[in-house]
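Chains G, Z and D: place on chain L using the hints.
Chains as they are written, first to last, in my numbering: chain L, 1 to 173; chain G, 174 to 346; chain Z, 347 to 519; chain D, 520 to 692.
Quick caveat, the hints were computed from the structure, so don't treat them as lab data.
Since no wrong hints were added, every one of them can be taken at face value.
Some but not every residue of chain L turned toward chain D, in silico, with C-beta under 8 Å:
| no. | residue |
| --- | --- |
| 1 | Leu115 |
| 2 | Thr118 |
| 3 | Thr145 |
| 4 | Leu168 |
Sample of chain L residues with no beta-carbon within 10 Å of chain G, all distances over it, derived:
| no. | residue |
| --- | --- |
| 5 | Thr73 |
| 6 | Lys105 |
| 7 | Arg143 |
| 8 | Arg144 |
| 9 | Gly157 |
Idealized CB from N, CA, C, for every residue including glycine.
Number of protein chains: 4
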Amino acid sequence: MPQNTTSEQPEAVRRRTYAWADPQLLATAAQELDGIDFFERLGDGKFPPPPINETLGMALVEVNDGRAVFELTPEEWHYNPIGTVHGGILATLADSALGCAVHTKLKAGTAYTSLDLTIKFTRAATLDSGTLTCEGRVVTIGRRTATAEAEITDKTGRVIGHAIATCLIMAGS
Amino acid sequence: MPQNTTSEQPEAVRRRTYAWADPQLLATAAQELDGIDFFERLGDGKFPPPPINETLGMALVEVNDGRAVFELTPEEWHYNPIGTVHGGILATLADSALGCAVHTKLKAGTAYTSLDLTIKFTRAATLDSGTLTCEGRVVTIGRRTATAEAEITDKTGRVIGHAIATCLIMAGS
Amino acid sequence: MPQNTTSEQPEAVRRRTYAWADPQLLATAAQELDGIDFFERLGDGKFPPPPINETLGMALVEVNDGRAVFELTPEEWHYNPIGTVHGGILATLADSALGCAVHTKLKAGTAYTSLDLTIKFTRAATLDSGTLTCEGRVVTIGRRTATAEAEITDKTGRVIGHAIATCLIMAGS
Amino acid sequence: MPQNTTSEQPEAVRRRTYAWADPQLLATAAQELDGIDFFERLGDGKFPPPPINETLGMALVEVNDGRAVFELTPEEWHYNPIGTVHGGILATLADSALGCAVHTKLKAGTAYTSLDLTIKFTRAATLDSGTLTCEGRVVTIGRRTATAEAEITDKTGRVIGHAIATCLIMAGS
Chain L
1 MPQNTTSEQP EAVRRRTYAW ADPQLLATAA QELDGIDFFE RLGDGKFPPP
51 PINETLGMAL VEVNDGRAVF ELTPEEWHYN PIGTVHGGIL ATLADSALGC
101 AVHTKLKAGT AYTSLDLTIK FTRAATLDSG TLTCEGRVVT IGRRTATAEA
151 EITDKTGRVI GHAIATCLIM AGS
Chain G
174 MPQNTTSEQP EAVRRRTYAW ADPQLLATAA QELDGIDFFE RLGDGKFPPP
224 PINETLGMAL VEVNDGRAVF ELTPEEWHYN PIGTVHGGIL ATLADSALGC
274 AVHTKLKAGT AYTSLDLTIK FTRAATLDSG TLTCEGRVVT IGRRTATAEA
324 EITDKTGRVI GHAIATCLIM AGS
Chain Z
347 MPQNTTSEQP EAVRRRTYAW ADPQLLATAA QELDGIDFFE RLGDGKFPPP
397 PINETLGMAL VEVNDGRAVF ELTPEEWHYN PIGTVHGGIL ATLADSALGC
447 AVHTKLKAGT AYTSLDLTIK FTRAATLDSG TLTCEGRVVT IGRRTATAEA
497 EITDKTGRVI GHAIATCLIM AGS
Chain D
520 MPQNTTSEQP EAVRRRTYAW ADPQLLATAA QELDGIDFFE RLGDGKFPPP
570 PINETLGMAL VEVNDGRAVF ELTPEEWHYN PIGTVHGGIL ATLADSALGC
620 AVHTKLKAGT AYTSLDLTIK FTRAATLDSG TLTCEGRVVT IGRRTATAEA
670 EITDKTGRVI GHAIATCLIM AGS
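Just chain L, with the same shape it has in the complex (with noise of 0.2 Å):
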């Protein structure tokens, strides 16, 4: 069942260009530097945002100590087989908000990943929603886990969506 692809399939075809940096820089950055001056230095920009960000159209928009906001505007290439913005979508929001949040807590030298994610879907996201906003937020944190939650919001301040993580710290050698 290899399936056609749209690039065959001119009629109604719309395209998108976009461009993304070297993530190597900044996955070196993000272990040297605490997590905070981490986030100082992306803010300024002297870091590139990160691949994902420039695929999804997604930015960081606010971080401070234990707290990450992300933005999203919902396009049609976002969509899923039942015209909404797909679910993952919104599960990368709130595992980029969740994250950083916990990453902000962070010392140099200190790595952490995500263990999971529970997200629930509350509302559909459509081109309709307007941006959308995720605010990430540091719950419980210990010395080898953190969990966190996360709330996306339409630009109503309906809740679209709500999630919840661990994060495994992993102190450096």
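Just chains G, Z and D now, with coordinates in the frame of chain L:
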């Protein structure tokens, strides 16, 4: 804190252009056909893939009663700030496979929506992972809800992640 | 592998006797009354607590619109094989608080059921934790589903666990 | 809002007395033995069951490498306010089966803790369900974390619920 965008940082910039088709045709067909017929025609190239598949380089490669398989080959443009495939990409794969598996069970005129997704990230995915395969399978199906599970493996069969979800089934009028 | 039971091992055996009332009256009242009225009468002692509350030593201590609070004081008989309060006890507290919070929003003749529970265990609970407080709160409520969250704290206010869930709402005939 | 207790409401009161053993012996053994040896001795009646098993009428009936099976027969004293087995009882079964399955994989001196539980409630359990069987199985295991899944079925094999979880593995000193 408006972030600079990659296009303002010419050094080391990569570019990608892709195309997708109007998703309206697909959304209409999804409601008018039995689920299994919908996927048969999608497989025959009668409909273009949904936009999200083109945006993320994800393809439905197999579908049958209560089961759906997606593939995605990691690219640099899937990367998060810490140098691995963003968890949201894995969540998108899982949500797609789970949802399609449930969709195969639905009669024409019946709609469904994912209520949630819980995904475990068990191993980092990178360019070295090779093509990821995500198999979704219905676990239970009732009149109002269905539950499903998905497992994502790398080219060597190692489990990258696994997920469960509930879908709400809405009988048409 | 039939396990021996504790009653065959007389050394160091502890015993507990408790009582509960026929739950049928409560289940009937739950369907015939608006949620908020149901809890008001439960609080006034017009109905006995549900059996599970007696089995686990759990009590509903506060309830109002979209919010419910339970308490439980850890006892040795809540312990798991590794010497802490079993995670299932915390899950029971969370499921109770979430469900009651949603129930307060329902009109007479409307039933609900928990579709799931995701709980994070963030700190071990022991006899030293003192009375645990679990507050549940509705996050979103629609015609067919509601989502809610709960947080469990120990006597010093530290977060022992937190949870989210979806409830299905079923309009009466 | 102090609730009356059942003992103040003599009509239709049921009583239950049960026993359990000091859990300290068990907790110590859990750390000093390889997981698989620990369960072998537990099965041979060398240790008493953990208190929670007696409180809830739950028994470990089978355990082998990466797998554990619990049984519980619903009783009226498991009931919630809406006349079915409380979801927390199902969560306790799932958390137990998942945790024991992971425990079988651990060497002496290694401890573990459940970080979370996500459970889907797919069918109400009542006295008519007969004995519930919950099988837990390890899905992935690494150096720091393991994931596992559990499925609960009634006496006719219908799926009452299913769950996934992450356990944190802590190497001893």
